Amino acid sequence: MATRIGIETEQPSDGISLVRLSGRLDISSAAEVKQAFAGVVADHRNRIVVDLAGVTFIDSSGLSTLVSGLRTARQAGGDLRLAAAGAQPVALFSLTSLDQVFRLYPTVEEALDGYQGK
Amino acid sequence: MATRASDDVPMFEDQREIAATMDGLDTVHRHLAEFWLRLETDNRIAPDETWKVLFESAVAEVAGNIIRHAHPPSVFFMSLRAFPDRIESVLLDQGIPYQLVPVRPSADMRTALTEPDMDHGWGLAIAHAVTDGIVYSRLESGHNRWVIEKNLPA
Numbered sequence: 001m002a003t004r005i006g007i008e009t010e011q012p013s014d015g016i017s018l019v020r021l022s023g024r025l026d027i028s029s030a031a032e033v034k035q036a037f038a039g040v041v042a043d044h045r046n047r048i049v050v051d052l053a054g055v056t057f058i059d060s061s062g063l064s065t066l067v068s069g070l071r072t073a074r075q076a077g078g079d080l081r082l083a084a085a086g087a088q089p090v091a092l093f094s095l096t097s098l099d100q101v102f103r104l105y106p107t108v109e110e111a112l113d114g115y116q117g118k
Numbered sequence: 119m120a121t122r123a124s125d126d127v128p129m130f131e132d133q134r135e136i137a138a139t140m141d142g143l144d145t146v147h148r149h150l151a152e153f154w155l156r157l158e159t160d161n162r163i164a165p166d167e168t169w170k171v172l173f174e175s176a177v178a179e180v181a182g183n184i185i186r187h188a189h190p191p192s193v194f195f196m197s198l199r200a201f202p203d204r205i206e207s208v209l210l211d212q213g214i215p216y217q218l219v220p221v222r223p224s225a226d227m228r229t230a231l232t233e234p235d236m237d238h239g240w241g242l243a244i245a246h247a248v249t250d251g252i253v254y255s256r257l258e259s260g261h262n263r264w265v266i267e268k269n270l271p272a
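Residue numbers (this note's numbering), protein chains in the order written: chain X, 1 to 118; chain A, 119 to 272.
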């Protein structure tokens with residue numbers, strides 16, 4: 001199966017993961033992303049920032065994946081925050097009221113600063 | 119909500135046969151992108167980006183459901199139709215009949231999406247919320263038929 005989403009992980013500082021996604025976060029890529037979240041949490045980098053700048057489309061499976069990642073991170077004592085979401089993801093966050101579940105940041109830098117108490 | 123699905127003759131229609139696989143989802147998005155382009159070029163209709171991505175969300179949710187329930191190798195048919203007042207998509211597949219759960223209001227979606235044992239079905243709730251009508255019917259031919267419609271901005 002062709003890869004439909006790009007996933008890059010970085011460790012900007014101790015305990016923090018930056019997960020950059022690009023492409024479609026939907027039924028075709030949800031499992032791969034869920035695995036990536038599980039991997040960084042298992043690595044004790046459970047304060048996660050997800051960079052959505054490159055995500056062009058998200059569906060209900062993608063939303064569920066983000067919620068699953070949030071739950072996994074919080075169970076490990078961390079959190080999962082979203083940054084730089086585009087128009088279509090933001091519309092669905094609002095529609096589903098998930099914008100009240102996640103912390104949404106305009107930029108990755110602001111999300112990272114949030115973890116560092118700036 | 120009933121659609122007008124309709125005896126109207128569309129100004130423009132484009133139908134594709136699409137593999138009921140994850141690769142088929144790529145075709146769904148490509149089909150939509152090409153449709154928007156032709157709609158603007160040939161028919162001078164250009165809904166804004168938000169309108170288009172919401173319609174695309176609904177179509178992708180229904181197509182995802184079809185693919186999820188398909189037994190490959192199989193295909194489904196997807197039409198996109200432009201009318202003066204709305205855009206429609208009609209999807210036909212030969213899968214088993216759907217047992218649809220009642221669509222809950224969007225206020226319940228957050229709860230459902232955050233339940234640990236969340237099941238599928240919420241995609242259709244999203245699809246309903248972003249369109250002006252979705253009707254599912256089981257045809258005598260053994261096809262499932264989905265009609266999705268969204269009114270064009272006034």
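There could be a bad hint or two in this list.
Stated by the list, open to error - Some residues of chain X that are not near chain A, with every Cβ distance over 10 Å (derived):
(1) G6
(2) P12
(3) D26
(4) A53
(5) F57
(6) D59
(7) G77
(8) L92
Said to hold, decoys possible - Listed next, with one range per pair, are the computed distances between beta-carbon atoms:
(9) W169/A <-> Q100/X: 38 to 46 Å
(10) V101/X <-> Q217/A: 51 to 59 Å
(11) P106/X <-> H187/A: 19 to 27 Å
(12) L257/A <-> A53/X: 37 to 45 Å
(13) E32/X <-> H187/A: 19 to 27 Å
(14) R156/A <-> E32/X: 17 to 25 Å
(15) Q116/X <-> L257/A: 32 to 40 Å
(16) E258/A <-> G39/X: 44 to 52 Å
(17) H187/A <-> Q116/X: 42 to 50 Å
(18) D141/A <-> Q75/X: 51 to 59 Å
(19) V127/A <-> E110/X: 45 to 53 Å
Claimed, not checked - One-sided excerpt, in silico: chain X residues whose CB lies under 7 Å from chain A:
(20) H44
(21) Q88
(22) V90
Read the hints as simulated data drawn from the structure, not as lab findings. What you are looking at is a predicted structure, and each value in this text was computed from that prediction instead of being measured. Just so you know, even glycine gets a beta-carbon here, dropped at the ideal spot from N, CA and C.
Taking the hints in turn, this is what the structure says about them:
1. Even its closest Cβ contact with chain A, about 15 Å, leaves G6/X beyond 10 Å, as expected for a residue assigned away from the interface.
2. Once the 10 Å rule is applied to beta carbons, P12/X is consistent with being away from chain A; the minimum gap is 27 Å.
3. Distance check on D26/X: its Cβ comes as close as 7 Å (rounded) to a Cβ of chain A, failing to clear the 10 Å threshold; non-interface status is violated.
4. Once the 10 Å rule is applied to beta carbons, A53/X is consistent with being away from chain A; the minimum gap is 16 Å.
5. Against chain A, the non-interface label of F57/X is violated: not every CB pair exceeds 10 Å, the least being about 7 Å.
6. Its beta-carbon lying about 5 Å from the closest one in chain A, D59/X breaks the requirement of being farther than 10 Å from that chain.
7. A cut-off of 10 Å between C-beta atoms confirms that G77/X is not in contact with chain A; the least separation is 18 Å.
8. L92/X, annotated as away from the interface, has a beta carbon of chain A within 10 Å; the closest lies near 7 Å.
9. A hinted range of 38 to 46 Å is violated for the C-beta pair W169/A and Q100/X, which are about 24 Å apart.
10. Checked against the hint of 51 to 59 Å, the pair V101/X and Q217/A fails, with Cβ atoms roughly 29 Å apart.
11. Between P106/X and H187/A the beta carbons are some 38 Å apart, a value that contradicts the proposed interval 19 to 27 Å.
12. Range check, L257/A to A53/X: about 43 Å between beta-carbon atoms, so the 37 to 45 Å window is met.
13. As the Cβ distance of E32/X to H187/A is approximately 21 Å, the hint placing it in 19 to 27 Å holds.
14. Here the CB-CB span from R156/A to E32/X is close to 33 Å, at odds with the stated 17 to 25 Å.
15. For Q116/X paired with L257/A, a C-beta distance near 58 Å fails the hint of 32 to 40 Å.
16. As the Cβ distance of E258/A to G39/X is approximately 49 Å, the hint placing it in 44 to 52 Å holds.
17. Taken as a hint, the range 42 to 50 Å holds for the pair H187/A and Q116/X, whose Cβ atoms sit roughly 46 Å apart.
18. Checked against the given bound of 51 to 59 Å, the beta carbons of D141/A and Q75/X, roughly 34 Å apart, lie outside it.
19. Taking 45 to 53 Å as the suggested C-beta distance range, the pair V127/A and E110/X conforms, at roughly 51 Å.
20. Interface restraint check: H44/X against chain A, minimum CB-CB distance 22 Å, threshold 7 Å, status violated.
21. The criterion of a C-beta within 7 Å of any C-beta in chain A is met by Q88/X, whose closest approach is roughly 4 Å, and the hint holds.
22. Taking 7 Å as the C-beta contact cut-off toward chain A, the hint placing V90/X at the interface is violated, the least distance being around 10 Å.
Comparing the model with each numbered hint stated earlier shows that hints 3, 5, 6, 8, 9, 10, 11, 14, 15, 18, 20, 22 do not hold.
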